[in-house]
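**Student:** Single-letter residue listing:
2 protein chains.
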Amino acid sequence: MPTRQQLADALRVLAIDAIEKAKSGHPGAPMGMADMAEALWRHAYKHSPTHPDWFDRDRFVLSNGHASMLLYGLLHLSGYAVSIEDIKNFRQLGANTPGHPEYGVTPGVDFTTGPLGQGLASAVGMALAERSLAATFNQDDCDIIDHYTYCFCGDGCLMEGVASEACSLAGVWQLGKLIVLYDANGISIDGEISAWFTEDVKGRYESYQWQVIGPIDGHDPFKLDAAIKEAKAEKTKPSLIICQTHIGLGSPQVDSAKCHGAPLGDESIASCRKSYGWQHQPFEIPAEIYAEWDAKAKGEEAYDAWQAKFATYKSKYPTLACEFERRMRGELPSDFGATFNNLLEDFTQSHKDQASRKSSQKCLEAFTQIMPELMGGSADLSGSVGTMTSHTQAFDPKTGHGNYLFYGVREFGMACIVNGLAIHGGFIPYAGTFLAFSDQAKNALRLAALMQAKTVWVFTHDSIGVGEDGPTHQPVEQIVALRTIPGMTVWRPCDGYETAWSWKFALEHNGPTALVLSRQTLPYIDRDDEAKANISKGAYILRSVAAKPDLTLLATGSEVSLALKAWEELVAKKYNVNLVSMPSVEIFAKQSQEYQDKVLPRDVRKRIAIEAATSDCWWKYVGFDGAVLGLDRFGLSAKGGKVFEHFGFTVEHIVEMALELLQAKA
Amino acid sequence: MPTRQQLADALRVLAIDAIEKAKSGHPGAPMGMADMAEALWRHAYKHSPTHPDWFDRDRFVLSNGHASMLLYGLLHLSGYAVSIEDIKNFRQLGANTPGHPEYGVTPGVDFTTGPLGQGLASAVGMALAERSLAATFNQDDCDIIDHYTYCFCGDGCLMEGVASEACSLAGVWQLGKLIVLYDANGISIDGEISAWFTEDVKGRYESYQWQVIGPIDGHDPFKLDAAIKEAKAEKTKPSLIICQTHIGLGSPQVDSAKCHGAPLGDESIASCRKSYGWQHQPFEIPAEIYAEWDAKAKGEEAYDAWQAKFATYKSKYPTLACEFERRMRGELPSDFGATFNNLLEDFTQSHKDQASRKSSQKCLEAFTQIMPELMGGSADLSGSVGTMTSHTQAFDPKTGHGNYLFYGVREFGMACIVNGLAIHGGFIPYAGTFLAFSDQAKNALRLAALMQAKTVWVFTHDSIGVGEDGPTHQPVEQIVALRTIPGMTVWRPCDGYETAWSWKFALEHNGPTALVLSRQTLPYIDRDDEAKANISKGAYILRSVAAKPDLTLLATGSEVSLALKAWEELVAKKYNVNLVSMPSVEIFAKQSQEYQDKVLPRDVRKRIAIEAATSDCWWKYVGFDGAVLGLDRFGLSAKGGKVFEHFGFTVEHIVEMALELLQAKA
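Chains as they are written, first to last, in our numbering: chain A, 42 to 707; chain B, 42 to 707.
In short, the hints are calculated from the structure, not lab data.
All of these numbers come straight from a predicted model, not from anything done at the bench.
Please note: incorrect hints may appear among the correct ones.
No more than 20 Å apart at the CA atoms, straight line, and that leaves these computed lysine to aspartate or glutamate pairs for EDC-like [said to hold, decoys possible]:
no., chain 1, residue 1, chain 2, residue 2
1, A, 243, B, 644
2, A, 706, B, 666
3, A, 243, B, 666
4, A, 661, B, 644
5, B, 639, A, 261
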């Protein structure tokens, strides 16, 4: 029977050989973490390779994602649908073994990682999801939710501020089932970390109210077993196990950055094989090693046991079970449509002038009533961004109940936790901050888009309309930054009616949505049935004089009402002008060419786009013969209305621009 | 004589009244921190209100920038050019008292703050600047650099991960002259922080190897004096003084979030006045209080003493003094031009195919030799991004010598520290990471642009050309995100020659510059003298067939060589096509209309823009009759060349696109 060392060495050689074949990759970390991986995956990790999406499996996040070959090795050896051919195709076009682990690409990969720190931060969201679902669904006689969230991370992850933000919250929230194994190898890309990471990590994590275990020898499987056991025994504190390891163990480049990010080379590989006593050819794993690693049978057993348990649960608690299944499937509640229609009706009837952040809150008021899967929160701006409703209740670490998270002033950490909640399953997380501070969360929004995580962002205070807080708080370029993230959908509604549609989209869409909302009051806008029916297409004709007007005004959000007044003046002067509202550029871009041409007829080249934000991308819709009223400089501290005026966002100026264009030769 | 309490109360009522008049602002924090401010500014702070730019003054960073009225009150009372009228104009258009403190707008404001945490993180950079300059210029018998960096911060600042990143580095770098007064009032916007900030802050900062003093009573001026004295006595550890305070002290809203972000209202203000025993009308400060606060005479004295010291220094060390003066002025060395010309010559002579990150390193090799003000660094990617040269030496905390910073994996903290170095003066900081991770630093890059801080960013691995590391490491939308920051200049050079010009611009320009550079090798490109002369204009005709071609190809960076091959094919087929290289969109946009029309003639509407990044903004340059070869989705893990091919970045595809356009009717 193979020794545990040999089982770990199998991971090492798979990583070494795959990286060598690809001539690209990061061998040092898999070699250093192989024993940690063997201890966790073979002795503690609850999973079923044949059911990689089993809801009550433990979760595993490889926060130092460059060690991807460690994970692919684990998946391959454990019996997931990752074949030896897949391993040989590491980092090749179309393979399910990309350079960094990608959720949705490889069965068994629970989260996309690569940008350091974010995996760890998102693992906090996953552990929170488990805690919350357990509190909601488990019954005294039947626990259907009971799994751990494990995370591997390296020194680099702990240097990143996002880890500090999220881990601090993990302490607050008492996430005892979050267990982090810290690969403390003392090396990062630039060399020995003693010149840039001299923190007392143990002290730091204890200050966050974590249980810190170790430092232990990260190559001693039995010490690892004991540490994991100790971590599991602690019910309220998250655990950090400090595992002292040797990066590139067994290679001549051991304990140096040289083995971090490049193939080892033939000579070094030979030396590794010798040091491991590994006699086999590349990609050859002895049957007895496969046999020892194979987790399929044990996994099936665990899976079947859970299914049996769930069947009992279902018979005892049919309503709860039905709700649980709905949430696992990510299905909206049956009264979603009716709730939405009521909202629309309400916005229409009330004719109310209202900031779109307030309209958004009104939508949330309705949806949080019927959707317990909505897990809300804000980075310390709950009142301003309108993310709390009469149906939200603060998450209570003691009971695990509650559907609202006070994230504190931690935008990036919040975004990672939101991603973790969404990818875990069972939740549609939404969260809010000022649009200007979406910057801080940017890379996590990007990861959400890459994973197509269903998350909803409430970004308020969306322009210079912020007013007195001044340029640090007035977004300018952020809308474009969000729109250009591939797979992100941005909505900038102009009133309550459009806001309701944007929420509907966000809750139905499988991917991240950013709602960009005003601080200031926006007028209620009347629209006909055709306009109403077309909001969901991202852009529509709000006011029409002719199928082929002489000029089209095009606006979003708070600028639509300005454009509407300008339109009224122009029409009063007998000009043929249409007005288009474009709450979502990305959705409009996906419509049929026919619809797009109807809204913006090709031969109507006199167009003015109006948005109090970066102008650059609007030329796509107005061309050389059009104009953009945008903002390509920082704002100013003054009353919102004054700032708007100062930068030419006035009815008068729009009319002037229109007249100038109308009078230009075609 | 007024009591210290009364002196602090003067700050309180100024804040209360100014915020009430503006009907906007944050009274709670100034009211809570007034005693801290009195203790520091009247008893420890070295400054000269009549010389706000005095180089050896202490620096003061109000990291919780919403407390801006505290700072304006301090400046007004101390005798800076902030009049009572300015205070009355708080938060009004054009006033020098904007909503949050803005560097360059108000004399005496040392840094722009507002986004929490960043002020504190940047103060680390300022303290580092002092340490480095002191090590470089001070002599045993004459210290011309000897000042402290003080920072006020609140709970929110400490929640932000960026503070963790930078403060960890402050510990590594042993910045003993950094003194942070932490306004621990237990309240943030969402309420009592005990529900989201339960960290043991003392333990956390001790884990960073800081001296932590307190908690002390933040309203006891003598305890504050003693704590500041203790902090100053510690020479190697940065100090955190935990000051327990009451937000909104004296108001009925004390100790609650209610006084955080809105005017107090008449009733509450009356109650404050009563509690302070303050008898005066709004904006009336008794003469004896002005007299006690007036720091002009003492400041002049300190300033004159320093001038005298510097005169002695100058006579003893004329060469050093001259160099010091040059660096204070931010003047380039006299051999800058010659060095640049040599570089150009070198790139021309060597005809070398080279990744632009390597070309950038070559430029740095030359510039670091002659410019000791260059303080380099990288977030743990020094080798990959080419920021080290044979003239860089790691900063040594023991001696203060060295011109290179190992930031560890901390992009955001790095960017804040870079900003602090630049705004302190005496340095041109540059730093590098992968372009994809510019996301993490985004809001600090924005602040740099807002302050026009002279900083240089080396962002490498600039597209899907990254290859195997896959989509998490392949930037797509980041170039646009940088270009759209108002006041940021982005260069994406296509070869060594353009890279040299981009470095020249970056080092001469007063503002932030982002160099966007390839991982992969780029071919050397020949160009004629006119082309060479026009690189500095941001875009130029690289290959011309006719003044008015039938089609123009337009490309940046790594795509220029592709476009060049396509151009060659098209010209071989006898098509009239020009090729434009546009290394800097922003600089080109600033050129005369005449020049712009020459490069892109108005009536040549068949244009193709080629850039392996978000396409949206390119329509500005190609219009409805042009085309864009861009990338509006995430990349893939595979060899860089394969990924390029996969997404159509091939000569063949460009030729095909061109032929299609050429054959379309005009």
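**Student:** Hint by hint, say whether it matches the structure.
**Tutor:** Quick rundown of the hints versus the structure:
no. : hint          : verdict
1   : 243/A x 644/B : 67 Å, violated
2   : 706/A x 666/B : 18 Å, holds
3   : 243/A x 666/B : 62 Å, violated
4   : 661/A x 644/B : 18 Å, holds
5   : 639/B x 261/A : 70 Å, violated
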